[in-house]
Amino acid sequence: MAPPKRSQSSSTNKKPLAKQVRLTDSFRQRKQLAASLQSVTGKKLQPQSTTEVIPPAASQITSDKVAESAREIETEDEVESQEFPETPEEDVQRETDEQVVPVEPDVVEPLDYDDPQYEAYFDKTQKVNIAAPIHQQGVSTVVRILKNFDLTAAYGPTVGMTRLQRWRRADKLGLKPPEVVYKILISKEGKSMDELREGYLYGQI
Amino acid sequence: MNIMAPVASTSTLDSGYLLSDPKEDETFPMFERRASSRKLISKYNDEFVLKNTEKTYEQQYASLYFLRLTVLKPRVSKVAAEAWNGMSILNQEVKAVDRVLDVRQGEFCWIVGTVYIEMTLKPNILDEITKEFWTTAPISKDKFADPENDAIMLEDESGRVNLVGSTIKSELLVTGCVVAVLGSETTSGDFDVVDIRFPQLAPQLPRKMSTGHERKYVAVVSGLEVSGDVHESYETSMLFEYLMGELGGSDDSKHASEIIHVIVAGNSFSNRRSPLSRDEESPDNSQKRKKKYGYDSSSYNSKPTEALDSLLADLSASVSVDIMPGDQDPTNYSYPQQPINAALVPRSRRFLGSSFRSVSNPCWWDIEGLRILGTGGQPIDDIFKYIEGDDRLQMMETCLRWQHCAPTAPDTLWSYPFRDCDPFILNETPHLFFAGNQPEFKTKIVVGEDGQRVRLVAVPKFSETGKVVLVDVDSLAAEVVTFALNGTGRD
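Chains as they are written, first to last, in the numbering used here: chain D, 1 to 205; chain E, 206 to 696.
Chain E on its own, in the form it takes in the complex (with noise of 0.2 Å):
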């Protein structure tokens, strides 16, 4: 009988350890993960997490880009400095010009404020309110830039400029991030651009080394999209499986005891509505049917919360576990998303204040020395709407060189209005820096000017691709671990 066994990693198993007959002196190595510190960085996070007393909304959105420019324009201005003071462009020295508003025609000078980008394809309340007469329903597109008639300004305090020459075009630059541009400005009133500065890498915190020689991992994983159906995906059991130690031989349960900790990051409730009774949808039925427990069962199903939970539940038992919410889970949608309330999932609740924690999105943690920033992924999809390319970790680094992690906010992200503080400025660097949900798996190390290095991952959905990423603490390096069944064509 041919049994389709499940492959579970892309370790070399030898084919008949599993499979053999058991041996009478076998011994079974018991691994155990070492106790480590994993602490959220408060410094940051208390800015995330707002709390219900101090949440108002009767500032607008002006604080949050007064904030921005305010923080961000001396650490460019800095760099902006270094860059171009004493230079000199047709024999006349550049200097440096307080408000967008005072450049003066023919003078080379240089200026910092916030981006602009007047999107004609971005979708516009005000447009639908205008038009009198529908014509077409509006198509809903990927993508809204249009390079050859989107305009691109420069902002500040005092006022906007037009942004115009080739080099500003060639930039990846969205609405929301802080920039010093050098050139002049032109007889139509535009600024013509020679050169752009970012605030580059913010500085990082040195790291500190172990001295064991063991490696240590932190597991992320994505898009888990839990749904407690008959048909639940074989992949997503075998995952915690394999975070527990269950799985495979003793190589992989070796390779798992390293595993110090785990982020959900994100989407790990199922989206798919699926309702638990199919009634006959006729009008006398729907009256009849029972308010079971005191709501409708036939629209709110329960399956995929207690899915998810016997399995986080499971999982904090042996391994800590920080669950991180995404767009579709339920707790707020605005940017910074507030933890997921641990009443959702009872039994891993009892792990709350062990091993068990639910974070906001984003969040900053420092394990075992190891300083993470992670997102939901949300920014970096955000960013991908508005600029023409998809190369995913470009927009992460570009992010990490605007010390900005969620520029686009509040303009097309929805944000809250913060008063006193942009809780998204990267004041240091982190040492990773992952973003959920994305498409595939990429990654790589960004070195910055003082000798930043820091990791960027895209975590991939798991929903659609079985695979988590685990990354050594002490040597940056990522892999990923693909659950596949036999014949489903996975890579």
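Next comes chain D alone, as it looks inside the complex (with noise of 0.2 Å):
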């Protein structure tokens, strides 16, 4: 990108921004080229004299927000909490319960698929079968849980969302879900691969 000329032309007070900014544009949009302007050239963009920051070939059209939100940048503060106007506080009654928001941990752990504890959860849901499940040589013990958890009626239909999608819905309907199944499910894994994160119907319904 050339390095946009500065015009000191003394007919007009206006500095032309580099590139045509469409009056659409956000006010946000504005403030990042303004900011990546800055990192070319090395020096802060004064803040324009005059009230206006058209660029002379699109003057005609305004508008009423165009026109509000073509102020002048004057800190840095003022362009974060520019906010556009929405419906007044009072007129929306915000009632939310107290929902527990599920917090993942930002860091995403690899799925351990030798893990102990999911033989020993594997077997502990086994125990209500009277045979023992078939073709499963070769299917590793998470995905045999995961699929487990995908037939349990109590959790409700599996079609069309994903399983930490019924997991979360199970758990706030108060169903209880495992905590070994969401412990698979949010891990690296299980978040990424559509093995461990989609149902067994998937791409099939």
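These are computed hints drawn from the structure, not numbers from a lab. Beta carbons: idealized from backbone N, C-alpha and C, even for Gly.
Some chain D residues close to chain E (C-beta under 7 Å, calculated; not the full set):
#1 153
#2 159
#3 173
EDC-like cross-link-like pairs, simulated, lysine to aspartate or glutamate; straight-line CA separation at most 20 Å:
#4 D/172 / E/362
#5 D/176 / E/362
#6 D/172 / E/259
#7 D/172 / E/633
#8 D/176 / E/625
#9 D/176 / E/303
#10 D/172 / E/251
#11 E/508 / E/519
#12 D/172 / E/625
#13 D/172 / E/252
#14 E/278 / D/171
The two chains are supplied separately, each in an independent frame; assemble them into the complex guided by the hints.
Here you go:
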């Protein structure tokens, strides 16, 4: 990108921006643009002396919002604090319950496929079965646990949602889904691999 | 000359008041509307308004039924346990059975599940596909209920069981409501019902009664069907003038100034097709017909929208208005209906954020402490089709007792396949529950077991009856104001 021309023409007091900034661009985009220009030129852009930051070509169109947002950039704080008008707060009564927002650890750990607790948990769930599961050679315990979670009718239908969404829904309804499954689902593989993340009917329904 | 003066309302107007000579020292009192708080309860409404980025149709409707049963099962189990625990029939103590299929023959027990009614007359797409020859066109009926042949079943995650017995036939049930039934299994595998229980009315928030002596009204009108034609009904303009306080004498203006909020509940846009230009329908002409403004003006008529917009803009300048869509309005058809896009009413849109608001159908309000649940009438109309009676208020009351305002969704009432929460479940009982676009005005008070008091209002179609309902915020009294021209015979 060529360095912007800083034309000091005396005819206008306006210092045009390097790129044509459309009037519909948001205030933040302009701020980012100004910041990028600043890094190129090494100099901070001086605040405009006039109130209009309109490129000369597109000065015909005005609208209330643009005129309001076309004030000069004074400080960074002012830029951050400018919000678009929303519905007044007293008009919308926010009655949120004390919902526990699921807090996931920032660091996503990789999954240990050979963790012995998975074996122990899976054996516990299989005690209700009469026969051993068939065609299960070569399937890791983690996958078996997740499929067992899918097939548990108490947590509802599995179609059309990821396992983590289903787990969260069951948790919100108070059905106490197993913690082991949650740990598998929030691990690195649990979030990226389709085999672990999606239900067993994924791709088929 | 005998001028037919329009009769504004049923208030007693001194006949000489309007048609008298002007007095010299006459003063005209100016009535002002007091500022009031009218909010939407976002806890419930946020689930009705679906964000476009979050809407998916990958899931199936089974999730919605699962959510309904999981949430309502504990509630109805509690009511059933209170009623039936410790009871013994034929020297046998009744007990609760967790799964519907675990019922054993000869044992008296109670089970909880979702009702499913297999209706023989319900239009079924599969019947149309399997028919090889068309005999007669299917007759469109009002009702699809056939009490002799309909099979009522109870369903939960494990399976279904057929419910028989005289008790079950006399109850008002539709597909989708969650109930508890007490009985025993017969030899043929059906469940013979002895008693039935609903979740009953949900807890109700206490109302904060205001200390002032002024009366406050919420006006609800539905079925305006504004068409913008030359022969637009005079009653519509009378209604808007009345709400703005411009109609009648000072008594009427004072009464109108006590209205703090207006809810336009459904079907505000007329559905009648009246093309602007009536060209001859010939092939040559139709090709030559120019497309003005980018649309073919003979098929799209913008008059209803413009007329409604100007009426609402005038009204929004005077009182706060909420517009709710109905089944014929330009928004999605499935329930819950999304708010009408304010771009359709550009002049009223200027009042967006202050006195004009577009809300979803259904919608929860909190107006000066009065909690209101309003629907455009589609769930009640749908229930009407599948039961025998026609008492609309009884259907609305039973919806409150089922703790579900649209039980037939998604079976016969089109609905979005909700995945995480069933938003039609009533977690609290409102103080006022209204359904718009009903055939006639009916109202009553329903009292719950824990002292809940709800005012039920069936709001009639304004285009047919000319009635607007005013509900007193403090006393829950409902009155109706009728607009009619002399000689049109409306009551």
